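K.L.:
Put together the whole structure using the sequences plus the hints.
Number of protein chains: 2
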Amino acid sequence: MSALDVDGMGARRALAGIADDLSDGDDLVVAHARAVWSCLVEPGDRIAGALIAALGPVRALEVAVASRGSGDEAARAGVELAELAKARERWHPRGGDAPERLATARRAGARIVTPEDHAWPRRLDDLGPFAPVCLWVLGDTAPLGSADPAVALVGARASSAYGNFVAEDLAAGAAAAGIAVVSGAAYGIDGAAHGGALAAGGVTIALLAGGVERPYPAGHRDLLERIAARGVVAAEVPCGASPTKWRFLARNRLIAAMTDATVVVEAAWRSGALNTAHHAAALGRPLGAVPGAVTSATSAGCHRLLREAQAECITGIADMCELLGLGAGLELDGSTGADGAVGEGGGNVVGGVARRGADDRTRLLDALSERSARTTLDIARRAGLGPDDVAILLGLLELDGVAERRSGGWVRTKPPKTAPLW
Amino acid sequence: MSALDVDGMGARRALAGIADDLSDGDDLVVAHARAVWSCLVEPGDRIAGALIAALGPVRALEVAVASRGSGDEAARAGVELAELAKARERWHPRGGDAPERLATARRAGARIVTPEDHAWPRRLDDLGPFAPVCLWVLGDTAPLGSADPAVALVGARASSAYGNFVAEDLAAGAAAAGIAVVSGAAYGIDGAAHGGALAAGGVTIALLAGGVERPYPAGHRDLLERIAARGVVAAEVPCGASPTKWRFLARNRLIAAMTDATVVVEAAWRSGALNTAHHAAALGRPLGAVPGAVTSATSAGCHRLLREAQAECITGIADMCELLGLGAGLELDGSTGADGAVGEGGGNVVGGVARRGADDRTRLLDALSERSARTTLDIARRAGLGPDDVAILLGLLELDGVAERRSGGWVRTKPPKTAPLW
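So the sequences go chain by chain: A and B. Per our numbering: the first sequence = residues 1 to 422. Per our numbering: the second sequence = residues 1 to 422.
For the record, the hints were derived by calculation from the structure and aren't laboratory data. Among the hints, erroneous ones may be present.
As the list makes no split between identical chains, a pair holds if one copy fits it or if it spans any two.
To be verified - List of simulated lysine to aspartate or glutamate pairs, EDC-like, C-alpha gap at most 20 Å:
no.	residue 1	residue 2
1	86	126
2	86	260
3	86	389
4	245	378
5	245	125
6	245	370
7	86	308
8	245	400
9	86	72
These numbers come from a predicted model, not from an experiment.
P.N.:
Next comes the structure, spelled out in structure tokens:
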């Protein structure tokens with residue numbers, strides 16, 4: 001396979017302009033081997049992942065391009081010889097494409113980032129043998145390797161105005177809180193999420209299913225250029241690769257794996273966003289879903305996640321921060337406020353003892369009139385409380401300024417402070 | 001206390017037209033004692049509940065109306081003498097009202113239902129000493145005691161058109177499935193729930209905070225008349241009692257206790273409906289909440305229940321039936337259909353082995369063109385699969401009618417059957 005020059009100078013030539021900050025010869029050879037690997041495999045190739053993990057990318061590639069043998073090394077990787085033979089059958093026909101793919105990357109200004117780089121997103125390591133062999137990147141590579149929090153905001157292409165608004169709002173909130181927004185650059189929710197993050201001056205990362213040099217979808221060419229200029233556009237497939245359905249599904253695992261949590265903003269009953277959600281759950285990453293009207297088909301998938309996948313209900317940026325484990329110190333709006341207790345505004349008759357004082361107060365206020373003065377006895381009868389208790393409680397209400405002595409008894413001076421019941 | 005005639009003839013006179021199907025003298029005396037009790041206490045009076053449970057309503061009432069003593073009997077009820085003395089202070093001033101309240105019930109055509117009746121809703125027994133001493137009823141008493149499933153549909157007074165629609169829809173679905181709809185007759189969600197049940201010819205029960213002879217709210221006079229004519233209007237307070245704030249809160253526990261599950265359709269961040277939800281949770285009854293737009297203030301309380309009270313997300317009648325434990329055989333719409341698996345439409349790369357076949361098929365379909373015929377080798381290279389596997393898979397796709405042999409290779413005959421990705 002001509003694409004593999006396993007020496008420093010050959011690798012330097014092949015990677016010129018792609019990995020030009022690699023000064024060390026070994027680094028160059030490793031990066032070059034990974035670049036070639038990305039040309040040979042489809043995403044998530046378990047045999048390739050196992051060989052690379054066991055033998056390193058360079059030796060693994062030498063085993064891959066050999067036409068036979070290497071049984072001992074395959075065994076070390078836990079790969080059976082029959083599996084290796086089958087894998088070679090699918091890898092070899094692609095070997096000849098590698099030089100052209102690297103030339104395309106060079107022309108497009110794409111850079112390679114590998115697990116050996118500081119800029120490698122360490123969260124991807126959780127994918128084990130299904131991790132990408134490298135990433136191809138347009139834009140600044142530094143945000144990829146950042147340990148700052150990151151959230152996946154994904155959802156329907158055919159989104160509603162409501163969904164777009166919520167996606168933009170969550171993305172802007174994330175940007176304000178220093179959280180990177182990761183999505184797939186699709187029409188609808190993905191685009192709104194990227195756009196919201198950009199508009200708020202935040203970091204956003206677009207993961208593509210095809211080569212990074214192909215704007216996909218075409219209508220998002222401008223958006224992708226803005227993301228590349230101020231964030232990151234990345235893909236595991238090499239330049240020149242087309243975005244196939246399989247690669248969309250594989251790309252979804254990267255969106256889930258590269259983030260601390262996934263939030264589905266809008267999704268139909270069957271939606272690709274559910275595939276991303278599934279990957280997040282499989283990786284043990286927190287999963288959130290934004291509710292919507294039950295009459296809206298574009299929220300049916302979100303409600304399904306709430307019901308069937310125990311997704312957290314996300315109503316705003318505060319809920320999203322809580323999902324990311326950033327609850328404390330990041331209460332950005334009132335949606336999850338100080339008083340979390342359900343029904344605290346109302347008396348609890350079932351277990352009434354604890355709230356006796358508040359309940360008696362309610363009953364006493366009920367028994368007072370704003371217009372006509374009532375005697376203590378009359379108030380006691382109306383409230384169903386003993387006259388002695390009423391005398392004491394009226395004094396307390398007077399101190400609170402809600403009851404007042406008049407000739408002939410007591411009146412309520414203003415309506416009760418608590419909100420009216422429904 | 002003149003209202004208590006503890007003999008058959010006195011009770012018969014007092015209850016004429018109120019409990020006239022009670023033929024037995026003892027029954028009459030018991031029902032009369034409970035009728036008087038309902039005039040003495042506010043809802044959820046624990047001391048009254050304990051005395052009645054220990055001594056029976058008649059003897060308990062004799063203890064209550066005595067001015068002192070009865071220490072032994074109080075002790076049997078677990079009531080301290082000081083508590084009893086205090087309770088007498090609040091009960092005695094109301095004794096004189098009882099005859100007028102019973103006369104009002106008679107004029108209004110209200111009937112009394114007691115725990116001794118077949119028509120007593122047995123679910124209320126879960127309230128223990130906080131259970132009502134009796135119910136005052138307009139309409140047919142039989143549905144109260146029915147063992148058929150019942151659901152509480154409650155929510156905001158200031159509901160949206162969306163909330164009203166969903167409440168009507170759920171109520172109509174409940175009616176069609178033989179589920180009684182219980183609510184509080186308030187404006188907004190409550191009214192929509194009752195109306196939806198009536199329109200669908202179902203059973204509906206309105207629980208009021210004041211006397212059943214007072215239409216409350218006044219604007220629901222017609223609705224309450226229709227409910228009384230074809231369902232049940234009930235209250236634990238006697239006729240003539242006004243609907244105070246305390247009584248609304250107490251009434252909410254009855255709505256929760258009389259049903260198998262409570263569903264909050266729409267509720268603001270602080271809403272009386274959350275109080276009903278709290279009672280349902282405290283009683284261990286299933287709790288559901290209908291989601292809505294996160295931008296809608298009238299859904300904020302529902303989302304709070306989903307987040308903080310682990311309420312089930314209810315998107316339609318099928319979800320509601322599942323909440324009631326009626327899932328099997330009651331799949332009335334498609335919202336919880338046959339295929340519950342999340343993300344099943346997409347390949348799972350993280351744990352990809354199980355779905356290998358479906359994944360390979362996707363990759364092969366990706367590699368076929370509808371326009372130009374491609375060779376097996378070309379298809380294998382594009383799909384990243386071995387040529388032998390491709391040859392076999394192409395045969396299978398041909399059998400499925402999605403691929404076709406042409407001169408020069410293979411074409412895709414129609415788009416893939418699965419839905420497009422987002």
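K.L.:
Find the hints from earlier in the document that the structure breaks and name them by number, from lowest to highest.
P.N.:
1, 2, 5, 7
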